[in-house]
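Going line by line, the protein sequences match chains A and B. Residue numbers for the first sequence follow the working numbering, beginning at -18 and rising by one. Residue numbers for the second sequence follow the working numbering, beginning at -18 and rising by one.
If you are wondering where the hints come from, they were derived from the structure by calculation, not from laboratory data. Every clue listed holds true.
Since the list gives no way to pick out one identical chain from another, each pair is judged satisfied if it fits inside one copy or across any two copies.
Derived lysine-lysine pairs resembling DSS-like cross-links, with alpha carbons at most 25 angstroms apart:
| hint | residue 1 | residue 2 |
| --- | --- | --- |
| 1 | K106 | K47 |
| 2 | K55 | K108 |
| 3 | K73 | K108 |
| 4 | K108 | K128 |
| 5 | K128 | K47 |
| 6 | K69 | K108 |
| 7 | K106 | K69 |
| 8 | K57 | K128 |
| 9 | K47 | K108 |
| 10 | K128 | K69 |
| 11 | K128 | K55 |
| 12 | K57 | K69 |
| 13 | K57 | K106 |
There are 2 protein chains.
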Amino acid sequence: MLADLDAVDIQILTILQYDARMTTKEISAKTGKSVTAIHDRIHRLEERGVIQSYVALLDRNCIGKKLTGFTTVKLKEHSDTILSQFEKEVVKFPEVMECYQLTGIADFLLKVVIADMDAYNNFLKNKLASLPYVGNLLTSFVLVEAKRTTAYQIG
Amino acid sequence: MLADLDAVDIQILTILQYDARMTTKEISAKTGKSVTAIHDRIHRLEERGVIQSYVALLDRNCIGKKLTGFTTVKLKEHSDTILSQFEKEVVKFPEVMECYQLTGIADFLLKVVIADMDAYNNFLKNKLASLPYVGNLLTSFVLVEAKRTTAYQIG
DNA sequence: ATTGAAAAGCGCTGATT
DNA sequence: AATCAGCGCTTTTCAAT
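Could you put together the complete structure from these sequences and hints?
What follows is the structure, given as structure tokens:
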């Protein structure tokens, strides 16, 4: 599962995490390796699953998602069945961008990205709270997004 | 800021959010529009900032990041200067993937992705807690990542 | 494992309808 | 808007070291 990566692999991954449109030629120039070598390495990184996907990141304001919130969820019961049943249902909501089962005070943490406060309220009342065994809900809203990256520092 | 997008734009954005490597030719086939039309639309979506970037997403297990945690931070004082000073410093840590200023119980929420529990402990003690005006820290660890997507549902 | 060169496909532009 | 043609660049493959 843990892939052993040499310095060139790390360079490639670091570049592609920030700009997936960089050409093999440009990466070749930056690394001092040949175009084919870069091409092969990228191909192997994809095959090994180190690179999972290439995606476009959008500006959420441009598509009318003005509000981000984090909602912690406590369930009323905690059997494996009930936890996984909740998980199975909650991930279907498109507003739920992320869902984590956590240690500590709550059972789940949801990151919700949505149009506005009315929509959030509607999501909580009509969608989330209507799932079975949902107990306490506690929501905090994002005032400032100081940092959000998908790029890991490698090595 | 809010871009008005027609049905074809939404189709394009939806596709590229999941697979940024799809060619204009393929998108053309899926949408029934010409290749040039798709090309122009993508170009305009990039220029308007609707599409912010194209990135590669990695499997964090492959690069040795086994632990994800959420740490809430309360500061001892809450002047604008102190808040923005903290923000400015905390976003420099590469372990901090996301940092939000929140409403409610805490001042900041950090998403931290890191090698293991020892590294997290070290991060908290030697990096985070050493920033000025840091008060209470509360961390929850991710047991299960049930959903994590970068793709918004549009429209 | 890396290289260089050749082949095929894609992005991009401009002209035309 | 769509089609077509054309150029350059990129990807991809192959033979060779």
